[in-house]
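Colleague: Residue numbers (my numbering), protein chains in the order written: chain B, 4 to 102; chain X, 159 to 568; chain D, 9 to 308.
Source of the hints: derived by calculation from the structure; they are not laboratory data. Just so it is clear, the structure is predicted and the values come from calculations on it, not from any experiment. Note that CB positions come from ideal geometry on N, CA and C, so glycine has one too.
Facing chain B, a subset of chain D residues (Cβ under 7 Å, in silico):
id, residue
1, G272
2, E273
3, A276
4, A280
5, A283
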Amino acid sequence: MPTPDSPDVWRLADPSAFALFGLDDDLIVYDRRSGQTHLFNALAAEAFRALHVRPLTEAQLCALLTDMVEPERAAEAASALSAVLARFAALGMIDPADA
Amino acid sequence: MSGRGADAVAVPAAGPEGRPADSPPARFAAATRESLLLRVLRRPQIAAELGGADWGVLLVQASGAALGGRLAALLEDAGVLDRVPARARDRLAAARRTADRYERITRWEVACTQRALRGATERIVLLKGAAYVIAGVPIGRGRIMSDVDILVARPDLPAVEAAVRVHGWRPVKSDPYDEHYYREYMHELPPLVHEERGTVLDIHHTIVPPTSRLKIAGADLLAAAEPIGGTGLWRLAPPDMLLHTAIHLFHDGEVFGGLRELVDLDGLIRLFGARPDFWPGVVDRAGHRGLGRPLFYALHYCRHFLETPVPDMVHARLATYAPPAPVRLLMDRLVAAAFAPVSPRPEDNGGAAARWLLYVRSHWLRMPPLLLARHLGRKALVRFAARTPKARSTRSGRGRGAPDRRRRGA
Amino acid sequence: MKVSDLTSDAFAAALGSGLAVRLGPFVVHWRVTVPAARGPLHALYAHHPLAEPDEPPDVYVDCRAHLNPRRPWSRRIHLSIDGRFHAAQARAQLSVPALEWTMNWSLATRAHEYLMLHAAVVARDGRAVILPAPPGSGKSTLCGALVARGWRLLSDEFTLIRPGDGLIAPLPRPVSLKEGAIAVMRRFAPEHMFAGVFPGTVKGTVGYVLPPAASVAAQDEPARPCCVVLPRWRSGAAVRTEALSRTGTFLALNRNAVNYSILGERGAALLAGLAGGCPGHRLAYDSLDDAVDAVGGLAA
Chain B
4 MPTPDSPDVW RLADPSAFAL FGLDDDLIVY DRRSGQTHLF NALAAEAFRA
54 LHVRPLTEAQ LCALLTDMVE PERAAEAASA LSAVLARFAA LGMIDPADA
Chain X
159 MSGRGADAVA VPAAGPEGRP ADSPPARFAA ATRESLLLRV LRRPQIAAEL
209 GGADWGVLLV QASGAALGGR LAALLEDAGV LDRVPARARD RLAAARRTAD
259 RYERITRWEV ACTQRALRGA TERIVLLKGA AYVIAGVPIG RGRIMSDVDI
309 LVARPDLPAV EAAVRVHGWR PVKSDPYDEH YYREYMHELP PLVHEERGTV
359 LDIHHTIVPP TSRLKIAGAD LLAAAEPIGG TGLWRLAPPD MLLHTAIHLF
409 HDGEVFGGLR ELVDLDGLIR LFGARPDFWP GVVDRAGHRG LGRPLFYALH
459 YCRHFLETPV PDMVHARLAT YAPPAPVRLL MDRLVAAAFA PVSPRPEDNG
509 GAAARWLLYV RSHWLRMPPL LLARHLGRKA LVRFAARTPK ARSTRSGRGR
559 GAPDRRRRGA
Chain D
9 MKVSDLTSDA FAAALGSGLA VRLGPFVVHW RVTVPAARGP LHALYAHHPL
59 AEPDEPPDVY VDCRAHLNPR RPWSRRIHLS IDGRFHAAQA RAQLSVPALE
109 WTMNWSLATR AHEYLMLHAA VVARDGRAVI LPAPPGSGKS TLCGALVARG
159 WRLLSDEFTL IRPGDGLIAP LPRPVSLKEG AIAVMRRFAP EHMFAGVFPG
209 TVKGTVGYVL PPAASVAAQD EPARPCCVVL PRWRSGAAVR TEALSRTGTF
259 LALNRNAVNY SILGERGAAL LAGLAGGCPG HRLAYDSLDD AVDAVGGLAA
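Same shape as in the complex, but just chain B (with noise of 0.2 Å):
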């Protein structure tokens, strides 16, 4: 389970698999290998798109985040991409890039 002091550095298990549709601020993500379609808010998105431009930590990726929230939200939006990102490799999406 990734968490924040985590040195595991995440990546997209294989970008081609992914086609993205924008709608708003939301992203559908269809993953070619399961046939399945995803939902992500802006923040799930955003971790996403990161994610597609090079591998990141958590730590990494918080960073970036939190620079696009208020200050106040900066906490709810850390603990929020921890779950995202728990559920990314849940699905397959993400893997532990080889160090």
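We have chain B already, so just place chains X and D on it with the hints.
Modeller: Just chains X and D now, kept in the frame of chain B:
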């Protein structure tokens, strides 16, 4: 083709349904073989000459046998899809779409299973549809599949089960008594369903059906298994793949399954028949107790219905395991009825053929084979068709019945 | 040649031996030997063309009395799809609703060359309004009302979206209305032809409205979707529309997509395109007149 009663029966020209509208039971064997579906499976090119009414029937026969996707793939490979009427092409495309979805689900399930079992066992052998799909062989295309079946070393079963449970699989039957029965008496893990995806995973340590008396050592199967290149997964040696399907189709003197399995057997033989170790491997396995009979049936019926190329020498060797002629005659009828394609007309289905099937089976349980054959001589079969109420009253409804007679009959 | 070109006797005879009709993009082969079904079918499908000779049917639907020799007093109607038993109906008078439901089921499980939504769809001036709704939301009544006010009926039950271009393929069939809605429709559009009212089905009384000739005549002309409206009838409610977010529209469509998983990525793309390009709205109403006007406004 060996002389069988069925071949000697004159078949009237096929009606619009692809088989005689009021065929008496004695003609089932020929009627099944001459149905549209079987004819097109043997020679896909004839699809280019079919008219609209025939296409309607063929599509019903194919989808009824869960072979719609296979048919689409076959016609594509034969290069005749563009000569198919547009509407029929749409139906085939729809069947293909459904099969594509099953393939996607299977690939994902295999990936999830492989991930879950990392470290729990050394060799995961994929069975049946999952193996064909991952190996990328022709019979993997166009399949309707449900469960993923895998084979692992028997000693690893506890570790394997623990691993899949951690990753979200649960026994399908939640009744503790059923589960206990599975484990203690059938020495099997119960089928497992994934709590989120709803897909079923069947973990085996051998390829023999749990209810059969046949015995095959899982260790032998694992040792002979071949890697599926680039995946870290394995499949059975080709003669074992043939054996697996043959046993499930013909074990215990019964027919379990249908035309779809026969098409798989045909596909396996066409794919691997040229390998120098294939036929010797099949003949060798036939020599093991109890395996010869299902292998004999597999090759015999593949040849008869699908003109599968089986070397004469192999056929001759396996004839050793053939049942007595009267029993084989009966089995011919049973198989023809079991493989008979669905007709668009409800009155053609589940009527005379099914009643006759049950009639024969119930008598099989009670009569020695030779007596049964005489009793059910061709004339009697024809008479039976007219006297269906009597047939129903003789139906014993005893499923598995007297075991020794069944063994003898098989 | 259309169904109405056959005399009643000729129609009955053809039905009994096998008659193929074209319903939207599909050729449905009927074999119906139940006398009670003949008249209503002849009326409800009057405007539909017979299939061209030598067209392979997309599905065979059979409806006949089934005699169980062990229980000769109990006569049931058996409905079959492609030769396989599908459902039984106790009373011959209810054969037509049973047939309609059987056809719905057979198309829903077969037509994977389209993305299928469980939704009504009507069109005006080439612009189509999709009305997704689970049973009980009043979509059929609203659909019937729109059609009575001149909208083209594309479908009452299933919206067929073509994967290639995202256009909607029409499938005009009789509009089915339940108990209370029948009385409402009789008041709203007395000229509407109810070609059959069937009390005592498992869904209560069911009535069928003839699809207009013009709608059937146009069954080969696809339409472009312009908006999505989720209707909800509520007694006494003042008419009210509420815009949905694009995401909300996507979810509403996805909830009502019958074969979404089979369409895979193409399905996701089609729905995302629809949700992105067609505004979605909720519509609450009591008065059909108000609802019809509201839909007209939303589609403009």
